[in-house]
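Chains as they are written, first to last, in my numbering: chain A, 1 to 398; chain B, 1 to 164.
Read the hints as simulated data drawn from the structure, not as lab findings. Note that this is a predicted model, so its numbers are computed, not measured. Any given hint could turn out to be false.
As the list claims (entries may be wrong) - Derived Cβ-Cβ restraints for the label pairs, each shown as a range:
| hint | chain 1 | residue 1 | chain 2 | residue 2 | range |
| --- | --- | --- | --- | --- | --- |
| 1 | A | 34 | B | 5 | 14 to 24 Å |
| 2 | A | 67 | B | 36 | 54 to 64 Å |
| 3 | A | 349 | B | 144 | 26 to 36 Å |
| 4 | A | 72 | B | 160 | 27 to 37 Å |
| 5 | A | 195 | B | 16 | 15 to 25 Å |
| 6 | B | 13 | A | 208 | 49 to 59 Å |
| 7 | B | 47 | A | 18 | 51 to 61 Å |
We treat Cβ as the ideally placed atom computed from N, Cα and C, and that holds for glycine.
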Amino acid sequence: MNITDTQAALKAYEKRMSALGPEEMIINIGPQHPSTHGVLRLEVISDGEIVKEVIPHMGYLHRCFEKHAESMNYGKTIPFTDRMDYLASMNNSHAFVMGVERMLGLDKEIPKRIEYIRVLVCELNRIASHLIAIGTYGIDIGAFTPFMWCFRDREHIMNMLEWASGSRMLYNYIWVGGLFYDLPVGFEERCKEFVDYFKPKLVELNELLTNNQIFISRTANIGALPLEVAINYGCSGPMLRASGLKWDLRRVDEYSVYPEIDFEIPIGKGEMGKKGDCWDRYKVRVDEVVESIKIIEQCLERLQKELKRTPDFDPRGIVPKKVSPKAQDYYVRAENPKGELGFYFITDGKLDIPKRVKARGPSFNNLSVLPELSKNILIADLIAILGSIDIVLGEVDR
Amino acid sequence: MDFIKIKNILTSRIGSECIVDEELNALQPALIIHPDFLLAVCKELKENRETWFDFLSCLSGIDYGVNEGFGVVYHLSSIPYKTQLTLKVKLENLRDGSVLPSVDSVSTVWRTADWHEREAYDLLGIFFNGHPDLRRILLPDDWAGYPLRKDYQDAESYHGISIN
Numbered sequence: 001m002n003i004t005d006t007q008a009a010l011k012a013y014e015k016r017m018s019a020l021g022p023e024e025m026i027i028n029i030g031p032q033h034p035s036t037h038g039v040l041r042l043e044v045i046s047d048g049e050i051v052k053e054v055i056p057h058m059g060y061l062h063r064c065f066e067k068h069a070e071s072m073n074y075g076k077t078i079p080f081t082d083r084m085d086y087l088a089s090m091n092n093s094h095a096f097v098m099g100v101e102r103m104l105g106l107d108k109e110i111p112k113r114i115e116y117i118r119v120l121v122c123e124l125n126r127i128a129s130h131l132i133a134i135g136t137y138g139i140d141i142g143a144f145t146p147f148m149w150c151f152r153d154r155e156h157i158m159n160m161l162e163w164a165s166g167s168r169m170l171y172n173y174i175w176v177g178g179l180f181y182d183l184p185v186g187f188e189e190r191c192k193e194f195v196d197y198f199k200p201k202l203v204e205l206n207e208l209l210t211n212n213q214i215f216i217s218r219t220a221n222i223g224a225l226p227l228e229v230a231i232n233y234g235c236s237g238p239m240l241r242a243s244g245l246k247w248d249l250r251r252v253d254e255y256s257v258y259p260e261i262d263f264e265i266p267i268g269k270g271e272m273g274k275k276g277d278c279w280d281r282y283k284v285r286v287d288e289v290v291e292s293i294k295i296i297e298q299c300l301e302r303l304q305k306e307l308k309r310t311p312d313f314d315p316r317g318i319v320p321k322k323v324s325p326k327a328q329d330y331y332v333r334a335e336n337p338k339g340e341l342g343f344y345f346i347t348d349g350k351l352d353i354p355k356r357v358k359a360r361g362p363s364f365n366n367l368s369v370l371p372e373l374s375k376n377i378l379i380a381d382l383i384a385i386l387g388s389i390d391i392v393l394g395e396v397d398r
Numbered sequence: 001m002d003f004i005k006i007k008n009i010l011t012s013r014i015g016s017e018c019i020v021d022e023e024l025n026a027l028q029p030a031l032i033i034h035p036d037f038l039l040a041v042c043k044e045l046k047e048n049r050e051t052w053f054d055f056l057s058c059l060s061g062i063d064y065g066v067n068e069g070f071g072v073v074y075h076l077s078s079i080p081y082k083t084q085l086t087l088k089v090k091l092e093n094l095r096d097g098s099v100l101p102s103v104d105s106v107s108t109v110w111r112t113a114d115w116h117e118r119e120a121y122d123l124l125g126i127f128f129n130g131h132p133d134l135r136r137i138l139l140p141d142d143w144a145g146y147p148l149r150k151d152y153q154d155a156e157s158y159h160g161i162s163i164n
């Protein structure tokens with residue numbers, strides 16, 4: 001392919017932007033606008049209040065994850081995975097670590113206590129991530145109080161995870177073959193206290209926001225995403241489930257100890273409007289928080305009874321000194337709060353450095369449906385739709 | 001739907017020449033597809049109700065090494081059957097920058113491929129024929145070179161900002 005042809009798309013884009021119709025105008029939203037949840041720039045071609053076309057521009061937070069990952073060993077890459085979706089660091093490193101363990105053939109040897117701790121911290125992190133999604137979505141729509149309430153409750157989770165890992169948001173807690181440390185003494189009890197504290201707060205949140213008539217009028221029937229479009233665009237997680245499909249990798253792939261745990265998969269039912277609208281996406285996240293609490297309770301029960309901490313338990317017991325899988329390639333996927341997070345590894349078997357690591361971020365794919373969803377809508381609704389997708393730019397740009 | 005059955009469907013519907021090779025003993029078995037038949041294979045896998053790979057999990061552009069050339073790997077997954085399949089395409093080792101290795105775009109089959117192909121083009125310089133909007137996605141439009149290539153050299157500076 002000739003190099004001049006590679007410029008054709010860029011030229012076509014520039015031509016489109018310079019040849020606007022008499023009624024069209026360009027509005028730039030972002031990269032510094034709070035409703036874009038990070039450094040995302042949306043170039044909106046609008047006719048007055050009506051959005052005609054949205055062109056997202058990414059890359060402001062591109063930190064070369066893939067280039068870094070192929071120049072350092074697996075253990076050193078784990079802190080970087082924390083920084084991809086920085087609101088759900090535990091889930092990111094869990095997916096990465098699962099892939100490496102599967103390549104090493106270690107995945108069946110991980111002690112049950114370690115697996116349960118992993119699931120526990122991942123679900124705590126899932127709640128924290130969903131609380132951000134819910135709170136900031138309220139702010140996008142114009143409700144300020146839920147934001148403060150969500151951040152107040154999230155702070156309890158941050159404190160607990162900081163207690164376990166030493167860091168507030170970027171944990172580096174889950175390691176290949178084990179954990180950084182065992183849970184601190186008293187963690188299970190404090191976690192139980194948090195669950196008891198948090199349950200009534202969730203009822204309050206539902207009264208304040210979920211069933212709020214103003215909130216419903218701003219979100220119901222807005223940005224309805226049909227299921228076949230969602231699948232075609234590779235949407236996953238709450239985005240896909242809100243369109244009515246029971247698709248959760250924790251159940252589909254049955255990884256870690258999820259098969260032993262009892263929980264439901266909430267889906268969008270179109271209670272307030274069309275199925276798959278912004279309200280459904282919001283509601284799926286609220287319901288998932290409830291399910292995560294169930295998972296946490298079950299984990300705590302096992303961790304306090306049959307999988308109790310013992311003096312000789314070493315969470316680094318089978319952590320390999322050198323991680324160098326044999327030559328192979330492997331794609332691992334896991335259910336992140338935002339959807340399917342995948343890592344594709346290629347190893348050559350000689351070095352302890354992967355030859356290629358490709359990260360498939362759920363936010364990246366979920367965002368790609370935005371231009372499709374926002375045709376002939378109001379600009380205010382564009383903000384409502386973008387907020388309901390729940391993107392993290394650290395993962396879109398990687 | 002197991003691997004052999006999928007292979008049989010492809011050879012009977014498209015022809016045996018579409019499958020160049022296979023990797024049966026890997027953790028995830030993969031089919032190596034001839035680049036000329038890629039689009040037909042993908043369409044068949046998606047639309048045939050016996051395979052029904054309606055979800056493209058991941059599309060990765062790969063540089064296998066300075067002497068080995070490029071490739072694209074497709075991770076398909078079927079929501080109705082809960083199965084997964086890996087397809088691989090090997091591309092020519094064209095590195096001088098004036099001619100890019102190219103393969104047909106599958107963005108008409110799965111729209112997921114749209115942004116993933118833009119990313120592969122952006123970072124590895126793989127050209128996708130028939131892609132609707134093949135611009136750089138993560139790097140600036142005027143960036144020179146393809147950073148994930150194994151022979152990539154950092155430029156001295158970018159718009160007067162020195163690199164390193």
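Assessment of proposed distance window 15 to 25 Å (beta carbons of residue 195 of chain A, residue 16 of chain B): violated (59 Å)
Outcome of range test on Cβ distance (residue 13 of chain B, residue 208 of chain A; 49 to 59 Å): holds (56 Å)
Supplied distance hint 26 to 36 Å, evaluated on CB atoms of residue 349 of chain A and residue 144 of chain B: holds (34 Å)
Range hint compliance [Cβ, residue 34 of chain A to residue 5 of chain B, 14 to 24 Å]: The hint (14 to 24 Å, Cβ to Cβ) is violated, given that residue 34 of chain A and residue 5 of chain B are roughly 52 Å apart.
Consistency of beta-carbon spacing, residue 36 of chain B to residue 67 of chain A, with hint 54 to 64 Å: violated (31 Å)
Beta-carbon spacing of residue 47 of chain B to residue 18 of chain A - inside the hinted bounds 51 to 61 Å or not: Given a distance of about 39 Å, which is not inside 51 to 61 Å, the answer is violated.
Residue 160 of chain B and residue 72 of chain A - C-beta distance against the hinted 27 to 37 Å: Given a distance of about 30 Å, which is inside 27 to 37 Å, the answer is holds.
Checked against the numbered hints above, the structure violates hints 1, 2, 5 and 7; every other hint is satisfied.
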